[in-house]
Every structure is written in C-alpha cells, then in structure tokens.
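Q: The lines below spell out each chain.
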Amino acid sequence: MRQRALAFGLLAPALAIVAFTTVYPMLSSFWTSFHILNLSRSIELGRFIGIENYTEAFNEDPEFWQVMRVTAAFVVLDVTFTILAALGLAILLLRQGFGTSILRTLLILPFAMSPALIGISWRFMLNPDFGAFNRTIAAVLPFMRNTDYLASPTMAMGALISADVWHWAPYFTFMLMGGLASIPPETQEAARIDGASDWRVFRDVTLPQLAPVLLVAIILKSVFALKVFDSIVTMTGGGPGRSTTTLAFFAYHIGFRDYQFGYAAAVAYVLTAILFLFSLSYMRFAFRRTA
Amino acid sequence: MASIQFNAVTKRWGDFFGVRELDLAVADQEFLVLLGPSGCGKTTTMRMVAGLEEPSSGEIFIGDDLVNDMPPRERDIAMVFQNYGLYPHMSVRDNIGYPLKVRGIPREDAQKRIDAAAAKVELGPFLERKPAQLSGGQRQRVALARSLVRTPRVFLMDEPLSNLDAKLRVTMRAELKHLHHELRITTIYVTHDQMEAMTLATRVGVMNKGVMQQLAPPEEVYNDPANMFVAGFIGSPSMNLVHGDLVDGTFRAEGVAVPGIGGGSRTGVVLGIRPEDLRVVGPGQGVFDAPVYSSELTGESTLVTFNVGGRHVCARGDRHFRCEIGEVVGVAVDPQRAYLFDAATENRIRL
Ligand SMILES: Nc1ncnc2c1ncn2[C@@H]1O[C@H](COP(=O)(O)OP(=O)(O)O)[C@@H](O)[C@H]1O
Ligand SMILES: [Mg+2]
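First to last, the sequence lines map onto chains A and B.
Read in order, the letters of the first sequence correspond to residues 1 to 291 in the working numbering.
Read in order, the letters of the second sequence correspond to residues 1 to 351 in the working numbering.
Misleading hints may appear alongside valid ones.
Below, simulated DMTMM-like cross-link-like pairs (lysine to aspartate or glutamate); rule was C-alpha separation at most 20 Å, straight line [as the list claims (entries may be wrong)]:
1. Lys209(B) to Asp15(B)
2. Lys101(B) to Asp129(A)
3. Lys130(B) to Glu186(A)
4. Lys120(B) to Glu54(B)
5. Lys101(B) to Glu52(A)
These are computed hints drawn from the structure, not numbers from a lab.
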C-alpha cells in the first residue's frame, strides 16, 4: 500500500504537467468547438451553438471536403510510397548483411532532420532558378528547365510526398529490417527446396510472416502522415490554392489566419477522431501478442 | 532417381573448414547415413546437396548434372530440416501440400497425395492445425510428410527423428526403412544416433571435424574401423581404448598384459577391445585380474566396469551375471577381436 502511494507520489508531478499541457487544452478545445470564437472580434468565448461548427464543416463548407480529399490522397500515396521504399531498402540492406555502421548512419540522417528544415531545403532544391533538383532534372530533360514545381498542384503534392517519403523511409526501413530478420531462414530455405521461385518465396513465405510488422508500420505511418504539418508550412503553404492543404494545416489556417477558433477546434476534432481510430487499431495490432 | 557425387568438395568460412576435401559417391537408390558428433559438418554437407550452401571449391553432381550453380528449386529434392522449417502461417495441410502447390498440381490430386502422406506419419487428425499448435514430434512428422508428398530425385533428412520420443522413433525408423524399400529414392540421412545409422544405412559415412573418416556398410564400420575415432564413436558403450606398448606380440600397459596381438614390438600403441569381446571369469583364469568398479544391469546384459591401472575398462556380461563392487575377478580377452592403433596418428595398425 505504502509502495503504491510512494509510486503515485513520484509520478504526480509528471501527471500534473501532462494534465496541464495536454488534457486541459484537449478538453478546453473540445468545449470551444461547440461555440463561436472569433478572435478578430473578441477573446471571450462566444455563443454556444451546439454541433453547428461540425455540421457546417460536413454540410456547408465545400473547402472542408476538398481538404478531406487532399488529406486522403496524401495519406494513401505517402503511406504507400514510404512503406514500399522501406520494404525495398530493407530487403536490399538485409541481403548485404544488415549493413555497415556507415550505411546505417547515412540512412538515419534524413530521419534526424527536423521536418521544418526538410521543407525549407526541399523548397530551395526545387527553386526554378537555382534549385539543385531543377538543374539535375533539366540536365536530363531539357524541356523541364525553369519549371516551378511548387506552382503546379500535382507536382507540389508530388514534392510534398517525396520529401515526406525521404524523411520517413529510413525509420520504417529499420523497422522492417527487424521484422525480416526475425523470420526463421529455414522457412524460406524450405520453400526454395520445395520448388518456389524467389518471388513466390517472398509472396508465400516471407510476406505473410512479415504481415504483423507491416500492418503496424502502415498504421503508424498513416498516423504520422495525418499529422504532417511543418513541411507543408515551409514548403507549399498548403498551395497552390488548397491543393496541398491537409486537415492538420486546414485547422491551423482557419484558426491562426482566419481567427475562427470555434470552427478550427471542430475541424481539429475531426482530425482527432480519425487519429483516434488509427491509434486504436495500432494498439490492437501492436500489442495483440503480449496482451 | 539419381546418384550423388562429391569431388574434392570443401566448404570454408574464413579459415574455418566446415567440410574438407570431401570425395563421396552415393549410388542411385542408396540410403547413405552421415554419422558424427555435433558440429562435424553433416548438415553443411547436406545443405550443399540441397543448394542452400555453395561449396568453396570442388564439384557436386546429382545424376549427370553438375549442380554447383543450380538453384535449389531446380534440383528436384526434398529435405527435412533439423528444426523442421515449417511455414508457421499455413495449416498442416497447406504445409504438406506446398511442394505440390508451387508445381501447379491440380487440387483434387493434391488433396489425395496430402492425405496419403499425412496418413503415413499418422497426422490425419491434425491437418487443419497450425504448426504452433503441435508438439515437437508432430511438427517433425509434418516436415517428413512434406518431403514424402511427391517423388523427388533425392531425399535429404537432417536428424528427422531426433525430437520424437523413444517409442515413436523406433516406429518411424521402421517406417522410413520400409518407405525406402518401397520408393527406392536415393537418400542422405544425417544423424548422431548410431542406432539409427546402423539400422537404416546401406552405407555409413562417419565424419569428424569436417573430414570423412570412414565410408562403409554398417557392419564394416563396426567390425573393421579405419581409425581410433571411428572405433571409439561406433558402439555403445564405446570401445575400451588402452594406451601402452607392444612387446614381442604382447600388449603391455600398467596392470595389463594381453598376449597374442600380432607379432613384433612397437611403442606408443593403443589397444582397442569392445565391451562385448571381454569376458568376466574367475580370478586367475583370464589374462589379468582386476577389482570391479561398478556393475549395471541394463536388462539385456550386465555392464561391468573394472579399475585397471587407474583406468576404467568396461565389459558386457551375461544378463544373469552378478558380482559385488570391489570383488576381484579375472578378465578374458579374445585377441582375435582386439584392434591396434597408432597412438600418435590414431590410424589403425593392421595385424
Ligand atoms: N554459416 C556459417 N558460418 C560459419 N560457420 C558455420 C556456418 N554454418 C555452419 N558453420 C560451422 O560449421 C561446422 C559444421 O556445422 P554443421 O554442418 O551444422 O554440423 P553438424 O554436423 O552438427 O550438422 C560447425 O562448427 C558450425 O559452427
Ligand atoms: Mg546438424
């Protein structure tokens, strides 16, 4: 009993800080989402309007649905390319025997960089006048000279996804390498002897055994993709138009640009609900075996 | 059906030799057993036949094909792995049927063959289970069934019975022997159990430290060992090996003198006699007397250990033989059944 009291006492300050910095803002913004709060008029919480902010988003705001489509496209493409790149790298690196420490360091470097910085440097590299990408691509495809990638909706989205894949692929490469390394090699050897080609060994034996790790990686990356914010701010600013505005950036924009905090809180809570669902499935799959 | 041939095959990792300069010809339809202590290179030899390990030098043939660069799936072999190598995400049925599935055998035909293979190893009731839901012995039987589900050119079996209980092991041993008689497929079988080797093999290859020590039919390996390692490794309890000198046809060591061991003199020899070739007699009636150190009744015989000049020497006596520990008895030796080895080279000295 005293042991538990002591443990709780030692945890209390940390819990208090978490409560103050996380729980309180969460509850407070939840409350806000049922009100009008327009900071350009008043810092006081305005009229209680029930779920009107939510109905406005779903029923009246065409922008909201465009943002939802952009978010869905971004998440699906980003997750797909990140996981495919990571899987390919993991297989190649594992064949090399887990890689030298230099290789590992090189791999982890993009992950060690801040997303905001990544956005800025990619923006520079894509600059139509002096960007490194631009120069390189123009050397191979001369007609692409002076293309402003970030001025085209598709190419801006492509650039944003590329930067995020570049940022996250290393992390998931390591995760999948761990998963691949824990597959008993005899299972793959048995399949080779049983007559399977390399592709069939991968499809029939390796992939099913990797599936739990792969699933966790996909869920985790989806959560990270939904949260992408810094690189949008520094790279595309959500544009051109709304073409790279995802939910996270949209909520920020409504709040800190339009000062519609009630509406912004409601949009943020839509994102929170989606994240919650992903986290729930993550908890289920990631901790299924230990539970 | 096919023969297998190794020409001067070496497998090394850095300067460690897994298998050294192996020359081996396995005849078509032969059942060759590789026998040796753990780490002697048995599995490595087998994996080179399977194509899972590439020889560092030398050539391997299956039939007339030089297979050094042939991928495993083209070699037409079936293998039972020492640690099963089952597919954990597939049911027992799908595990057994996988070699048929990749070959595109029609479903109905495949089901029949799966059922037949499963019946052979008594797995019928477990077909829908996953490997994780089986005991070690059952998993091993799944691995066996998977190798039996089609008719390959070569069977490779890496200690396939090692995890079965004693009773099932004897049953499965008989089953394997019968199966080989029926199918006549060239088989390489790895074991460290000499009973399995003796009962199953048409020939036994005894290996040690990556080197083939002797390759001969079971009775020859037992009765005519090529060197001290084979002599000591084959037989249970193992052969008594006593260091001493040969003086005018009499072997002499501390507390022992055994006459009639060939002719001539030689220093630094080892006399080898199997426990079953020593007889316990009355004091003074044998070639030497010694106190009994222990006496164990095994059921079919009595093992008597003597203290001879500080060494233990074992004799297998009649199962009705009884004696007291400490009692002095005589030991009779049949010099015809004694082996002589060079203590330095460990090679056999033919008498
Ligand atoms: N991939 C490998 N790398 C280095 N050494 C190995 C490798 N595989 C096996 N060996 C070594 O080769 C020797 C023979 O192994 P193995 O053929 O598995 O022995 P066993 O007769 O018990 O089956 C062992 O000492 C083992 O440690
Ligand atoms: Mg082995």
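Q: For each hint, tell me whether it holds in the structure or not.
A: Going through the hints against the structure:
As the CA atoms of Lys209(B) and Asp15(B) are separated by approximately 13 Å, the hinted pair is consistent with the 20 Å bound. Between the alpha carbons of Lys101(B) and Asp129(A) the distance comes to roughly 58 Å, so the proposed pair goes past 20 Å and is violated. A C-alpha spacing of about 17 Å is found between Lys130(B) and Glu186(A), which places the hinted pair at or below 20 Å, so the restraint holds. With a C-alpha separation of about 33 Å, the suggested pairing of Lys120(B) with Glu54(B) is violated against the 20 Å cut-off.
Between Lys101(B) and Glu52(A), the direct Cα distance comes to roughly 59 Å. Violation of the 20 Å bound is thereby established for this hinted pair.
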